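There are 2 protein chains.
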Amino acid sequence: MPELADLAPLLLQKERATATFDVATCINLVLGSKEWQGRMDHLRGLVMEDPVLNDRDMIYRNHKERYEFALAKSNAFVKLLQKHSITKPDEQQFIYYLLGEPLPIDVHRSMFIPTLETQMDEEQRAYWVPLAREAKILGAYAQTELGHGSNVQGIETTAVYDPATQEFVLHSPTLTSRKWWPGGLGKTANHAVVHARLTLDGKDRGVQAFLVPLRDPKTHTPLPGIDVGDIGPKIGFQSVDNGYCAFTNVRIPRRNMLMRFAKVLPNGEFVKPPSDRLVYFTMVRVRVFITYVCYRYMSFVVTIATRFSAARLQGFAPGSKGKVEVPVLSYENQQLTLFPLIALSYGAMFTSRRLQGIYDTMLSQLGGSMDASTCPFTCCIMIFGVFLDKLDLLNQLHATSSGLKALLTTEVGDGMERARRACGGHGFSASSNIPHLMQEFIGACTYEGTFDVLVQQHGASLLKRLAKPGPAQPNSAMDLFSFLRADATAKCAATTPAQLLEPDVLLRAFQVRALKALQHAARNRASMHGITRASMGHAESVFLQCFFDGVIAITDGPLRAVMLQLWQLYALWRITLHLGEFRADDYLSATQATWVQEALLALLPQIRPNAIALVDGFGLTDFELNSAIGRYDGDVYRALIARAANEPLNRTDVVDGYHKYLQPILASKL
Amino acid sequence: MPELADLAPLLLQKERATATFDVATCINLVLGSKEWQGRMDHLRGLVMEDPVLNDRDMIYRNHKERYEFALAKSNAFVKLLQKHSITKPDEQQFIYYLLGEPLPIDVHRSMFIPTLETQMDEEQRAYWVPLAREAKILGAYAQTELGHGSNVQGIETTAVYDPATQEFVLHSPTLTSRKWWPGGLGKTANHAVVHARLTLDGKDRGVQAFLVPLRDPKTHTPLPGIDVGDIGPKIGFQSVDNGYCAFTNVRIPRRNMLMRFAKVLPNGEFVKPPSDRLVYFTMVRVRVFITYVCYRYMSFVVTIATRFSAARLQGFAPGSKGKVEVPVLSYENQQLTLFPLIALSYGAMFTSRRLQGIYDTMLSQLGGSMDASTCPFTCCIMIFGVFLDKLDLLNQLHATSSGLKALLTTEVGDGMERARRACGGHGFSASSNIPHLMQEFIGACTYEGTFDVLVQQHGASLLKRLAKPGPAQPNSAMDLFSFLRADATAKCAATTPAQLLEPDVLLRAFQVRALKALQHAARNRASMHGITRASMGHAESVFLQCFFDGVIAITDGPLRAVMLQLWQLYALWRITLHLGEFRADDYLSATQATWVQEALLALLPQIRPNAIALVDGFGLTDFELNSAIGRYDGDVYRALIARAANEPLNRTDVVDGYHKYLQPILASKL
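Going down the list, the protein sequences come from chains A and Z.
The numbering of the first sequence is the UniProt record's numbering, which starts it at 1 and goes up by one.
The numbering of the second sequence is the UniProt record's numbering, which starts it at 1 and goes up by one.
If you are wondering where the hints come from, they were derived from the structure by calculation, not from laboratory data.
It is possible that some hints are incorrect.
No distinction is drawn between identical chains; accordingly, a pair holds when it is met within one copy or between any pair of copies.
Derived pair list, reagent style DSS-like, types lysine-lysine, alpha-carbon separation capped at 27 Å [claimed, not checked]: (1) Lys660 / Lys218; (2) Lys88 / Lys218; (3) Lys14 / Lys218; (4) Lys83 / Lys660; (5) Lys203 / Lys323; (6) Lys323 / Lys272; (7) Lys464 / Lys323; (8) Lys203 / Lys263; (9) Lys79 / Lys660; (10) Lys203 / Lys83; (11) Lys660 / Lys136; (12) Lys14 / Lys203; (13) Lys83 / Lys136; (14) Lys88 / Lys136; (15) Lys263 / Lys136.
Just so we're clear, the structure is a prediction, and the values are computed from it rather than from any experiment.
Chain A on its own, in the form it takes in the complex:
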């Protein structure tokens, strides 16, 4: 028998041989056209050849070193785009992802420029946007403060208009009013869009946005009245200078207020914005985008963990009595940990596409002509004023995307950690890359709305709908609230175990569970927990529906069959996790509940032959995964040894501190 290190690749090959579908077909489904895949290969090649951009040594660096290296990467990134004339947003985005860590110019690209574009008036845009696009200025987006995150209405920074000089005076009146968290604010940006409470002639005019110069354009030193810096290390985003900024009576010209909607005239007169709904649109787009991020990170981690589980021999499964150890993937618990996470990844992919599709359809209905592939914040130009009659769909999408953001970030965050633990000690090691991926993802559980804020928004919207359902959307694919028409008094109709695998039976169970939870919440309005269950019940029902619709639309028979198993597995798994809810009012009987459990376990060995093919189907390369234990070829042990050789401590046989610190200990008594 070959030794373990040589056996591991053979084990992965063996797993691949048992697949019942064509992996390339799956990759086409996930990545898109062959032409685009070829383009990706080309762009990836450029990055892998670039001595700065191909860097993967982030795990050896502290926050300061990560940030400093990310400056070099920013520089190299911009130069690469220029050198190869890469101007398409999706191509730029693809390259950016390949870097494996966010850059300090991230917010400049994804939020600062779009905010100028969408919230400045024409004259302002003509002046500022080219400066930002050509990076003559580098910007941050300064909304969150030390004292207030999710509740924007609590912002304390003030902007008082001085008609005498036609200037705004930006000021941080309290300790907690300093801006806190904005990416790139600490050390990188020389300008920021600052959200502050506007006061005109003593009157509160709400939170408005202002463009504030922070640093001298030549020397980069902070301007007078600006106290700016980095807030220190975090779990993730160590390569970014999340910053703080306090203002001491900083004066900016009147025209530095972003005046597309609200305006202040020279004499100090206030012109109200026609509606506050615009901010809604931006939020929806961001939340839809985050479902994509969830798909992305989950697919990375579950690819790593599943491949490792197939290549890793350890112990003997219950029942197996041979002398040969079995792959960890042969353990039922390992399958029950990983297979639902493979399903979660594909489900998040389909759900993200559905939401994006609804968003784009809505925009096009409204006469907008936005490029869907640009950043999540470039939206809602041109459409203002015409969409107020389309609010129903916007409200549905806003509510549902809020609930799905809460659900999926939680599920993916928790799922990554379960997958990590399923890799034992090697999942604890940075060489697996799972720690890094988790650290970069996990902020999504709290940024752009914490779980509790989102489920309340979602739940409140559902409660309104329950009271006043409104007409069904004519296009069923866009009808996110169809569960309201379920029968909450029904019982599950399955009379045999096999019927519990039927899509209709499963989808209906989730709809009824959601509707029951919502009705319960309506009867107990003071209970936030009840609202939370209604929100999660609905989000899960929508997820299951989007996932299912994605599966049945697959034209390739063998792939569709496997994906359907995966979908069934996911549905049954969710039922067992929340079995109490599905058993409310005995919707599922005690007997049906045991069928669910049995059906779930019975699916595991059916999916097993396709497990590796399913993660291969995400089409992720070794360069992107950057994992010693998640390699395509399964050569995990040599890769782990090669990684350890790179550890800076191994550059010398004897560490510097030995003679100073260890030897004196050796000569003393412990």
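Position chain Z against the provided structure of chain A, taking the given hints into account.
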């Protein structure tokens, strides 16, 4: 109204004023005698005055820097003990904990020395133990290999005896046989206890332990045939040099095998050990110790999160209509996240004490006279040979502590992350110290047996017991298997919602659930998932019982009353989380299930007035918590600002890379 930064401390004071019990009484329960508390204060003062040991800058360092600074800390730690003649193990341990990160000499203290003491024969001990105690040698404990972790029988390193020279030849025959993970092995240790498969005259004699010199005692350079180094960064333990080591035909004298039990005579004859059970004893002790670690870390994190939630104003709770924001702790979801984790902490404390008590009682029954306060590995000397008739209790404790280790590390790991998310963005920041605490703890989910290995051990033992129950333990406090005598056909007897709060009703529900799960597993032996549920069901039942017994033993009435509420909350919470299991065969009816949910939510406002007092009751100091947002005085915002000022990036206004990397971008087109 005062500004937010000044309001935060007042909010905490207000919370403290509503407590219905005396916090000092709780602290006495947790920490022990006033005398010991005074001693702790004194020792803490010594550490806080020491310029190296009071260091808290670990968050700014990468792995190499963490390790190098930990060498300095090791040195300062030893010197402090010497200077103040601190020799008592519990005092040394207390100081060690105060350092806030493990040191490279950790394994030398906790595993290397105890292994020499317990597994060497008298002559060997006389020679080696003083060398180790006086740190003339520094050791590692090298068991785990690259290819094998939890399955010790898979170890590949070989030790072949050469009678001609009376030496063992240690060798790493494969890539995967290299030792991998041992703490201190990479750069610190100059010796290691190495586990290798012994071959005598071509015969396999099982895995034995050998003392192997690794580095030159003077120059510290690796000896010939030794390839040793650090395995690289990890999620936690960055201050420790977890290492690898490969052997190329390394010869050691015959007497370097640890020969207390198994022996090899000069002519190569093998003397078998009288039993293999000893390793059991060590494992039990370690697993009991880990329940203490769980209590410790959970109490740290929930103290931080609960205090922050009381000091943090944000938004408006459902129903509240004022203009004044409410503390996050006023949200039902926040309470439902944090209060069960306060309960988990106290429950883990009581459970850990119970297990330790059983362990100590067992030892004393066996005629041992071990000091319970020494490290978890100094055990089982003196008792060998007399405990075989006490195996029943040992088996119970071994099985139960395995299940509890799996349960509690999972619950605490997950609970820490939930508590972190409940702190929003500030929980993502290193200033909260939650990230550091999580990183240092989370390894416990996989080290010393992964979840899946432990539940199988535990479950297998339970299945044996189900088939052959054996007599009840005469002392009910030591009877960990009492659930076997429950009535699995019974239904829950509660006929009113109030009855669901009765301890008997709750305890019985957990016993029946465990027994049902075990019976189910017995009928479906091939299902690892079924065994897992049996294991977790039993572990949870034991946890609830230990927690309850700890609560009713409290003599102070007001404290006992609050702790009982906390216990009820925890029991009800666990039922709602696994409601499907408690509803199996309709043990709980649909109506009873709704009562459980309602009773749980009804307890939250009852516990709320005591929430801060309950976390104060853990008696943790600000120095230990090391958290800007978890401070006793609630002055969280000033603390956050002070932390940010320490960030190394803030030492200069303009970062070094600006002119090299940013300016060229500013002059180019993005």
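To see whether the hints hold, each was checked on the structure:
1. In this assembly of identical chains, Lys660 and Lys218 lie within 27 Å of each other by CA distance solely across copies; the values are 13 Å between and 45 Å within a copy.
2. When the C-alpha separation of Lys88 and Lys218 is checked against a cutoff of 27 Å, the pair qualifies neither within a copy, at 31 Å, nor between copies, at 62 Å.
3. Taking the closest pair of Cα atoms, Lys14 and Lys218 never come within 27 Å of each other, the shortest separation being 61 Å inside a single copy and 51 Å across copies.
4. Taking the shortest Cα distances, Lys83 and Lys660 sit within 27 Å of each other only across copies (19 Å), while inside one copy they are farther apart (50 Å).
5. In the homo-oligomer, the alpha carbons of Lys203 and Lys323 lie at most 27 Å apart only across protomers (17 Å), although the nearest pairing inside one protomer, at 81 Å, exceeds that limit.
6. For the homomeric pair Lys323 and Lys272, the shortest alpha-carbon distance between copies (23 Å) is at most 27 Å, but the shortest distance inside one copy (78 Å) is not.
7. With identical chains, the CA atoms of Lys464 and Lys323 are at most 27 Å apart between copies only, with a shortest distance of 24 Å across copies and 63 Å within one.
8. Taking identical chains as interchangeable, the C-alpha atoms of Lys203 and Lys263 lie at most 27 Å apart only when both belong to the same chain, with a minimum of 14 Å there against 90 Å between chains.
9. Taking identical chains as interchangeable, the C-alpha atoms of Lys79 and Lys660 lie at most 27 Å apart only when they sit on different chains, with a minimum of 13 Å there against 45 Å within one chain.
10. Proximity of Lys203 and Lys83 under a CA criterion of 27 Å is satisfied in neither setting, with 52 Å inside one chain copy and 66 Å between copies.
11. For the homomeric pair Lys660 and Lys136, the shortest alpha-carbon distance between copies (16 Å) is at most 27 Å, but the shortest distance inside one copy (50 Å) is not.
12. Neither within a single protomer nor between protomers do Lys14 and Lys203 lie at most 27 Å apart by alpha-carbon distance, with minima of 73 Å and 34 Å respectively.
13. Taking CA atoms no more than 27 Å apart as the test, Lys83 paired with Lys136 passes inside one copy only; the shortest distance there is 19 Å, against 60 Å between copies.
14. Taking the shortest alpha-carbon separations for Lys88 and Lys136, only the intra-copy value of 21 Å comes in at or below 27 Å, while the best inter-copy value is 65 Å.
15. Taking the closest pair of Cα atoms, Lys263 and Lys136 come within 27 Å of each other only inside a single copy of the chain (26 Å); across copies the shortest separation is 77 Å, beyond that limit.
Of the numbered hints listed earlier, those contradicted by the structure are 2, 3, 10, 12.
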